[in-house]
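K.L.:
Residues per chain are reported as follows:
Number of protein chains: 2
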Amino acid sequence: MDADLRTLRQRLAEISDIYRSMGVLGWDQRVTMPPLGTPARAEALATLGRIAHEKFADDEVGALLERLRPHEESLAYDSDDASLIRVARHDWDKNKRVPAELRAEMLRAGAQGHHTWAEARKNDDFASFLPVLERNLELKKRYVECFEWDDSPYTPLLDDFEPFMTTTEVAKVFETVRPVLAELVREAPGIDASFLDVPYAPELQREFAKRVLATVGFENGSWRLDPTVHPFCTSFATRDVRLTTRYHPTGLDSFWSTMHEAGHGLYAHGIASSLERTPLANSPSFGLNESQSRTWENLVARSRPFWSHWYEPLQETFPEQLGSVDFDDFMAAINRAEPGLLRVEADETTYSLHIILRFNIERRLIEETLAPKDLPEAWSEGMRELLGVDVPDDARGVLQDVHWSSGGIGYFPTYALGNVISLQIWSVVREAIPDLDAQMEAGELEELSSWLAENLYSLGRKFTPKETIERLTGSATIDPQPYLAYLREKLSALAA
Amino acid sequence: MDADLRTLRQRLAEISDIYRSMGVLGWDQRVTMPPLGTPARAEALATLGRIAHEKFADDEVGALLERLRPHEESLAYDSDDASLIRVARHDWDKNKRVPAELRAEMLRAGAQGHHTWAEARKNDDFASFLPVLERNLELKKRYVECFEWDDSPYTPLLDDFEPFMTTTEVAKVFETVRPVLAELVREAPGIDASFLDVPYAPELQREFAKRVLATVGFENGSWRLDPTVHPFCTSFATRDVRLTTRYHPTGLDSFWSTMHEAGHGLYAHGIASSLERTPLANSPSFGLNESQSRTWENLVARSRPFWSHWYEPLQETFPEQLGSVDFDDFMAAINRAEPGLLRVEADETTYSLHIILRFNIERRLIEETLAPKDLPEAWSEGMRELLGVDVPDDARGVLQDVHWSSGGIGYFPTYALGNVISLQIWSVVREAIPDLDAQMEAGELEELSSWLAENLYSLGRKFTPKETIERLTGSATIDPQPYLAYLREKLSALAA
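For the protein sequence lines, the chains are E and V, in the order given.
For the first sequence, the working numbering assigns the number 5 to the initial residue and increments by one for each residue that follows.
For the second sequence, the working numbering assigns the number 5 to the initial residue and increments by one for each residue that follows.
Watch out, some of these pointers could steer you wrong.
[As the list claims (entries may be wrong)] Distance condition first, Cα-Cα at most 27 Å in a straight line; then the derived DSSO-like pairs of lysine-lysine:
| id | chain 1 | residue 1 | chain 2 | residue 2 |
| --- | --- | --- | --- | --- |
| 1 | E | K59 | V | K59 |
| 2 | E | K176 | E | K470 |
| 3 | E | K59 | V | K470 |
| 4 | E | K176 | E | K494 |
| 5 | V | K176 | V | K494 |
| 6 | E | K100 | V | K59 |
| 7 | E | K98 | E | K470 |
| 8 | V | K470 | V | K98 |
| 9 | E | K377 | E | K126 |
By construction, these hints were calculated from the structure, which means they are not laboratory data.
Between the sequences and the hints, there should be enough to build the whole structure, so can you do that?
P.N.:
Shown next, in the form of structure tokens:
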């Protein structure tokens, strides 16, 4: 038994090393690689990806997992070893169902689609993107056929990002959220935010962000922040965390984007070191991971207590832009709700409505109640209905997001689920740290960060998303009420 | 036959992808990685290294190579395919001889030794480094036993860096070079270079270096230059070349160090694209590779024609430091010979003497005519004899270089061989491009760069070092006379 477990751990560590190496290659590609390095990099990534897949999905691993079943059952459910065997078995079962050829074809189509999409968006030319979308959908349908489902063929796709969640469950959450958000947006007060629409020197934006990042709970020497075209976070170990951000010459958006990625980074940083080099060194789902980026971006970095401490330093950094802007006006501007065309520029309140639109469309595409060619029309209708906005062109409509070009179908809902879950967890945090506001007013984020690390991040992927939420909140239900209450309160404070 | 060749190519491409990926991990580690990422990075590198070794050294590859022998013999010797099979067989034969366990142990000891060495040098404490050295030597001796040799057990070690070269051949070259250099150094005129011993803003150093690099023949979008502690060059594809350099606050050394790495970079950049993802996408030997870094560092970037063009821009970049320094004084300062303690700070003339000292010592250690504990004494004696310098401590003596700590024995001679070979090739270049001086005076380096790429770099590792030199120069002999003539002429011009 011991020998089998050692063998399994060794094999999984090796696979983890390969995936982490691919992470380094991907980070380098997006942050530093000279552009002409692309074809060679694609080959290197494909090779490492194939090796990792072969090493995992082979029958030896299956036999090992089978032999380890009695051992697993003899252990406490929440022990590291039982969790490792359980999660590895789940991953192995999923991997085995997918032919290597289909996997490779999906990767290839995804990689090829990106360029076509970028051109199509630039030229506002949906027709040129349509074949890519149709190809990705066709492959997704073949992929879905590898699995069983009860409610919708969309469920197996969702499962890649939000394991053990069904389409029906997501739809139910969204149906609760949708009308409330739509009403909040309709009734939101108009706020003057013109002082955020002026130049802010990127150098100073970075300097300010780094000052704040130094307080959020990262160990020195374990992270870095780099500029890139699309902000993202990746990590190659709990103590090698890479944040990236994008500095616009105008406005301060990069600050919240940086705090967003810092939330992902703190999650990766807080995973228990006993889980390193295993498939457990991750978060249980994209939604749970996103709940923490949202926590640091919004619940912390748009809150009054946070800015009670940081607004003065920010004013000192940007005296011309903010020196004469009242604290309350700043708070109103960064918390306002204002319908717009673009998801990535959406405020906290309208954001989930953009997601609900995408979820409904994805689901209909997969369930074949919407033809890909009819997407632009469905998009315009949805935007009008959900956000009351008219879509002037496909570039700012159905072509705005990268996800579908690389076959990322089933991913979008996790963004809104993250918003919802972030408030469920936040309620518990506030109970556990009663003087959190006072701490934030004093510029103290360490206790918050430690609490989250200890009670959430350190668990890694030992438990399912719902088990993880239940451990924290006492209930496994994804409950949108705290999220809606939070937005209601925020917007009514603005109106006052 | 076709199927076998395809299989071989595919296997070698996969292995090449893994090694290139390890290159990315290593570059990231030295240039950008947060320091606490070290242990995880070591694991990732070890895993990829083991996978690559296993994929190459297995019997299947040997059987493939055997079956391909008739095909190889049916092809022209210099065809890509014949070269690929020939070189892969050579590599495979070498790899097969070394037990995986010994290879792993050497890598491990090498990685561990680095830290001990760094501490020992910091504390000027040779005794604490001695066990590391003894361990590395013991492993090297076991390694040597895997091979056959005629003249010296040092030859198999040399072969890892300078394939097909014997210790006797190197000794013969060095015995020709040594007395001439020693005499040149003794008789070199004293030159005032105090204007190089003042602050030069690193930002401006970088800016100037980048201006020059833009003219040396790299395709836009295929390379980058980053600051690091120890300058180096690596590449992950012909069009993904990474140069690094180190900016001292004082002096302009970084410029020649950058040009040195650019020489390595141009070699990597010039390899024929048909050789990518094969073991031929490399230089034939460390000496040949070094000959090109020396070419760009010294033969180009210390020459009068080069500076006829670039001295004015340099003066404009550093008006305070160089505005009133005469061109001839600048040329004399950057070409002066002046014995010193440190190899990395040595001038062009004294440099090879530092190498000869190290070669003699390494050889005696491996031949067991010198005990490791007696190293400091042998070092001091050698420095006095070769350079006329007294060694004040081990930190600036036997502990100054990193190589022995990581088991890099047999590497040093390639530095001096590179110097020698650079002049052999340069003679041919000057014949092929009669107006080279005029071109350099006009700031034109493109024809030089293209000629070298076409006639040398593009060949990659298709031929042995000597075959490569013979193709270029008409003779396979490593002949130090052009090198000695060049230095004689340079120093007599200074004395005038």
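K.L.:
Of all the hints numbered above, which does this structure not satisfy? Sort the numbers upward.
P.N.:
3
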